[in-house]
Amino acid sequence: MIGFIAIAARVLLYALGGAIANEGIGSLDTVNGTITIDIEAASHFIGSGVLIIGTWAVSRWRKARGGAT
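Just so we're on the same page, the numbering used here is the position in the sequence shown counted from 1, plus 13.
Please keep in mind that the hints were generated in silico from the structure rather than gathered at the bench.
Heads up, a few of these hints could be off.
[Said to hold, decoys possible] DEER-style ranges, computed between Cβ atoms:
hint	residue 1	residue 2	range
1	Trp69	Phe17	14 to 20 angstroms
2	Lys76	Leu41	39 to 45 angstroms
3	Ile59	Ala21	48 to 54 angstroms
4	Arg78	Ile50	23 to 29 angstroms
5	Ala28	Lys76	44 to 50 angstroms
6	Thr47	Arg73	21 to 27 angstroms
7	Phe17	Ala55	40 to 46 angstroms
8	Gly46	Ile20	46 to 52 angstroms
Ideal Cβ placement from N, Cα and C applies to all residues, glycine included.
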């Protein structure tokens, strides 16, 4: 049962990370030739990266302790 919970949590975190990353972080103004980065959206993007790294770390930790991931 623990292995199933670990897998379910990992899949849910991947889905959450993908949803956050889908927000978009910048826009291009072709008239002025500038790129504008939205700091709030960039923070969401960084947060999704942290989630992905976290799910990987949890899976390695779980596997090292003899569980399934």
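Each hint, compared with the structure:
1. Trp69 with Phe17: 14 to 20 angstroms: holds (19 angstroms)
2. Lys76 with Leu41: 39 to 45 angstroms: holds (42 angstroms)
3. Ile59 with Ala21: 48 to 54 angstroms: Given range 48 to 54 angstroms: violated, Cβ gap about 25 angstroms.
4. Arg78 with Ile50: 23 to 29 angstroms: Since arginine 78 and isoleucine 50 have Cβ atoms about 40 angstroms apart, the given range 23 to 29 angstroms is violated.
5. Ala28 with Lys76: 44 to 50 angstroms: violated (21 angstroms)
6. Thr47 with Arg73: 21 to 27 angstroms: violated (42 angstroms)
7. Phe17 with Ala55: 40 to 46 angstroms: violated (35 angstroms)
8. Gly46 with Ile20: 46 to 52 angstroms: holds (47 angstroms)
The structure fails hints 3, 4, 5, 6 and 7 (numbered hints given earlier, in ascending order).
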